[in-house]
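Chemist: Line by line, the protein sequences give chains V and P.
For the first sequence, counting from 1, position 211 maps to 210 in numbering that gives the first Met the number 0; every step adds exactly one.
For the second sequence, counting from 1, position 358 maps to 357 in numbering that gives the first Met the number 0; every step adds exactly one.
Just so you know, the hints here were simulated from the structure itself, not pulled from any lab data.
Keep in mind it's a predicted model, so treat the numbers as computed, not measured.
Any given hint could be a false lead.
Quick partial rundown of chain V residues pointing at chain P, CB under 8 Å, derived from the structure [to be verified]:
#1 Asn91
#2 Ala105
#3 Met200
Just so it is clear, CB atoms sit at the ideal spot from N, CA and C, and this is done for glycine as well.
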Amino acid sequence: MIEVHELRKVYGDRTILDGITASFARGQVVALVGPSGGGKSTLLRCLNGLESFDGGAVTVGGDRLVPGGAKANRAALHRVRQRVGMVFQQWNLFAHRTALGNVIEAPVHVKRVPLAEATERGKALLARVGLSHREGAYPHEMSGGEQQRVAIARALAMDPEALLLDEPTSALDPERVGEVLDVLGALAADGLTMLVVTHEMRFARDVSHRTLVLHGGRIIEDGPSREVIDHPKHERTRAFLGLDRR
Amino acid sequence: MNRLWWVLVLAMAVLSCRGRAVVVGGGLARVRAAGVLRWGGDIQGGEPYVYEDSEHGGRLTGFEVELANALARELGVRAQFVQNDWSALIPTLERGTFDVALNGVEVTPQRVGRVRFTRPYYIFGARLMARRNDPSVQPTLASLRGRRVGTLANRFSYELLRNVAEVVPYEGVEEPYIDLVQGRTDAVLLDDIIAARYGEPKPELRVVGDLADGYYSIALRPADDDLRAALDAALARITASGELERILRGANIFNDRQRRLVTWTDDDQRRMLGTAAAGQRFGWSHVALFGKGALVTLLLSALAMCLAIPLGLGLAVARLYGPPALSRIAGAYVELYRGTPVLLQLYVLYYGLAPIVRLNALSAAVLGLGMNYAAYEAEVYRAGIQAVPRGQMEAALSLGMTTPLALRRVVLPQAFRLALPSVTNDFIALLKDSSLVSVITVVELTKQMTITAVDIRGWGLPGALCALMYFTMSYPLSLLAQRLEARLARS
Numbered sequence: 000m001i002e003v004h005e006l007r008k009v010y011g012d013r014t015i016l017d018g019i020t021a022s023f024a025r026g027q028v029v030a031l032v033g034p035s036g037g038g039k040s041t042l043l044r045c046l047n048g049l050e051s052f053d054g055g056a057v058t059v060g061g062d063r064l065v066p067g068g069a070k071a072n073r074a075a076l077h078r079v080r081q082r083v084g085m086v087f088q089q090w091n092l093f094a095h096r097t098a099l100g101n102v103i104e105a106p107v108h109v110k111r112v113p114l115a116e117a118t119e120r121g122k123a124l125l126a127r128v129g130l131s132h133r134e135g136a137y138p139h140e141m142s143g144g145e146q147q148r149v150a151i152a153r154a155l156a157m158d159p160e161a162l163l164l165d166e167p168t169s170a171l172d173p174e175r176v177g178e179v180l181d182v183l184g185a186l187a188a189d190g191l192t193m194l195v196v197t198h199e200m201r202f203a204r205d206v207s208h209r210t211l212v213l214h215g216g217r218i219i220e221d222g223p224s225r226e227v228i229d230h231p232k233h234e235r236t237r238a239f240l241g242l243d244r245r
Numbered sequence: 000m001n002r003l004w005w006v007l008v009l010a011m012a013v014l015s016c017r018g019r020a021v022v023v024g025g026g027l028a029r030v031r032a033a034g035v036l037r038w039g040g041d042i043q044g045g046e047p048y049v050y051e052d053s054e055h056g057g058r059l060t061g062f063e064v065e066l067a068n069a070l071a072r073e074l075g076v077r078a079q080f081v082q083n084d085w086s087a088l089i090p091t092l093e094r095g096t097f098d099v100a101l102n103g104v105e106v107t108p109q110r111v112g113r114v115r116f117t118r119p120y121y122i123f124g125a126r127l128m129a130r131r132n133d134p135s136v137q138p139t140l141a142s143l144r145g146r147r148v149g150t151l152a153n154r155f156s157y158e159l160l161r162n163v164a165e166v167v168p169y170e171g172v173e174e175p176y177i178d179l180v181q182g183r184t185d186a187v188l189l190d191d192i193i194a195a196r197y198g199e200p201k202p203e204l205r206v207v208g209d210l211a212d213g214y215y216s217i218a219l220r221p222a223d224d225d226l227r228a229a230l231d232a233a234l235a236r237i238t239a240s241g242e243l244e245r246i247l248r249g250a251n252i253f254n255d256r257q258r259r260l261v262t263w264t265d266d267d268q269r270r271m272l273g274t275a276a277a278g279q280r281f282g283w284s285h286v287a288l289f290g291k292g293a294l295v296t297l298l299l300s301a302l303a304m305c306l307a308i309p310l311g312l313g314l315a316v317a318r319l320y321g322p323p324a325l326s327r328i329a330g331a332y333v334e335l336y337r338g339t340p341v342l343l344q345l346y347v348l349y350y351g352l353a354p355i356v357r358l359n360a361l362s363a364a365v366l367g368l369g370m371n372y373a374a375y376e377a378e379v380y381r382a383g384i385q386a387v388p389r390g391q392m393e394a395a396l397s398l399g400m401t402t403p404l405a406l407r408r409v410v411l412p413q414a415f416r417l418a419l420p421s422v423t424n425d426f427i428a429l430l431k432d433s434s435l436v437s438v439i440t441v442v443e444l445t446k447q448m449t450i451t452a453v454d455i456r457g458w459g460l461p462g463a464l465c466a467l468m469y470f471t472m473s474y475p476l477s478l479l480a481q482r483l484e485a486r487l488a489r490s
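Based on the provided sequences and hints, a complete structural model is requested.
Modeler: Below you can see the structure in the form of structure tokens.
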């Protein structure tokens with residue numbers, strides 16, 4: 000459902016994405032791994048147009064994004080962003096809204112869902128991420144793990160066909176990582192399409208179906224997760240995984 | 000809170016020690032010993048009184064300069080000019096900065112009770128002017144009942160008009176006639192010297208007539224009565240010798256009225272001074288007027304802020320998110336309005352644009368202050384918007400919001416909360432800046448204070464009450480700003 004073709008992005012004299020081609024099927028859970036600066040987050044941000052690119056194309060459902068940023072993609076961007084949800088490393092919850100307020104904001108104001116209906120749905124989503132008791136809490140009153148789970152519920156509230164997650168556990172205290180991974184595992188079991196940039200190799204291996212290794216703006220390895228992680232072919236993947244496992 | 004009251008009490012005590020002469024008695028001996036007669040005036044009053052002659056390198060010129068020189072010569076000393084704002088000539092005389100005030104100081108009942116006057120050196124007519132096409136204005140005070148008449152605050156003409164017409168007080172000599180031409184007022188009553196220079200050259204205006212005679216005299220501190228006597232004698236000598244007439248003719252202001260100066264008697268002097276009314280006491284009627292002035296100040300500030308907030312928001316958003324052309328225009332607006340004095344902006348809006356849009360004074364004041372403060376608000380919001388983390392905008396966009404919706408629902412509400420303490424502080428500043436609008440004839444709290452101070456011959460009580468009223472309006476706002484800041488710091 001998401002096609003990436005020859006995607007290129009240059010920043011000054013640095014090439015961030017050097018001709019990425021890949022396609023992601025419905026229901027697939029994909030882990031994007033690799034060393035910092037390899038282009039994982041940038042690739043993810045290109046998929047919903049938060050980042051512009053210089054060559055190639057991204058197709059989501061039937062909507063095509065081309066180089067030129069917001070100006071060139073105005074109509075497509077709006078539809079693409081409703082098809083794919085995004086979860087950020089730093090949560091980015093709306094600071095002036097409660098947990099429930101964060102979840103219902105976009106359904107009410109973008110999709111024009113009636114408030115009562117959106118509220119009911121929002122409460123159900125908060126229950127799904129285990130936060131029924133925190134509906135009225137403001138972001139600054141919640142832990143990082145709680146905020147990230149609200150952010151996941153907020154993204155799900157728009158009924159996305161796929162979820163993009165940019166290092167969803169990297170900014171969390173170690174003891175909070177588990178609660179977020181549990182939620183993601185449950186979503187994967189429900190069949191949600193997810194692309195996850197992560198450093199959690201256990202999650203990549205046990206939950207994701209497929210793992211892509213990015214290095215220097217290229218995909219250097221792509222295959223079933225267990226295969227890639229247990230028997231890496233590329234020497235850089237081996238080096239990366241070896242360092243990571245310590 | 001206790002300390003605050005002490006500050007207030009102290010301020011009142013200072014204010015109520017109203018300008019008593021610092022130097023007392025023996026004025027003539029002092030002037031002779033110093034060898035100079037220091038005389039106060041304001042070159043802003045312009046030609047023909049005292050002005051800088053631009054053709055002669057800014058040399059001090061005017062009939063009052065020649066008069067001062069002649070009088071000093073009679074006393075055997077040198078004349079020395081001291082520049083001072085006209086409206087503060089009397090208080091400055093009282094605190095002893097100069098020996099005499101000599102600059103079109105009219106003999107009015109209020110002043111007679113406060114200073115000593117010499118015999119007059121000029122007799123002027125209070126000249127009434129109206130538009131040529133308006134025959135309804137007659138050369139009587141009665142015909143002005145209920146009409147809008149322009150003049151300068153606290154002048155002789157102002158005293159004639161109050162309780163008769165709706166007086167519109169100006170601060171400059173040219174503006175009353177500009178407004179009369181524009182139709183903002185029905186007539187202007189001012190000294191004939193002023194009318195001849197600033198009113199009569201305008202073809203749209205006509206002279207209706209002179210309503211009363213008034214006198215320019217030299218004002219001295221009561222303690223300097225011997226200096227007053229010496230100056231009276233000197234004036235008598237130069238009047239009799241024809242030197243005064245020559246000076247007045249040189250300035251083109253001699254007329255038949257001035258012949259009375261030659262035959263001036265002690266009875267004439269008593270009659271001139273006899274118009275002295277007992278000084279008004281500061282009473283409840285003044286407090287009511289102050290209340291009205293405070294209401295004008297509050298209304299004006301609130302309306303101006305109601306304009307500044309949305310306009311400033313629009314400017315900030317245009318500057319940050321608008322297309323390049325709009326962004327540049329918004330930037331230019333902010334720089335222009337912040338980079339020029341608000342006083343000048345009010346002048347341009349009220350007088351400069353009068354031929355195109357004829358705003359009434361209050362609308363011009365609201366618009367002028369509002370447009371000026373919008374520039375400051377725009378910068379406050381810009382800082383607020385930039386202080387909202389970028390991730391908030393990204394999260395909103397990734398949920399399918401358009402940029403305008405994301406701004407409205409996510410970024411601006413947070414930016415506004417960040418900006419609120421600064422906005423409150425700006426409103427406090429605006430409350431006090433609003434006193435500037437007296438230049439376009441709006442009588443607000445500060446103007447009311449200066450008018451009353453002249454009426455009751457003292458600045459102490461009116462000043463303290465005025466300060467108290469400003470404080471009463473701004474202190475609760477100040478507390479509000481502190482609470483908002485504290486709330487912001489908590490979250």
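Chemist: Each hint should be assessed against the structure and marked as holding or not.
Modeler: Evaluated hints:
1. Asn91: Because about 4 Å separates Asn91 of chain V from the closest Cβ in chain P, which is inside the 8 Å limit, the hint holds.
2. Ala105: Where the cut-off is 8 Å and the nearest Cβ of chain P is about 4 Å from Ala105 of chain V, the hint holds.
3. Met200: violated, 26 Å
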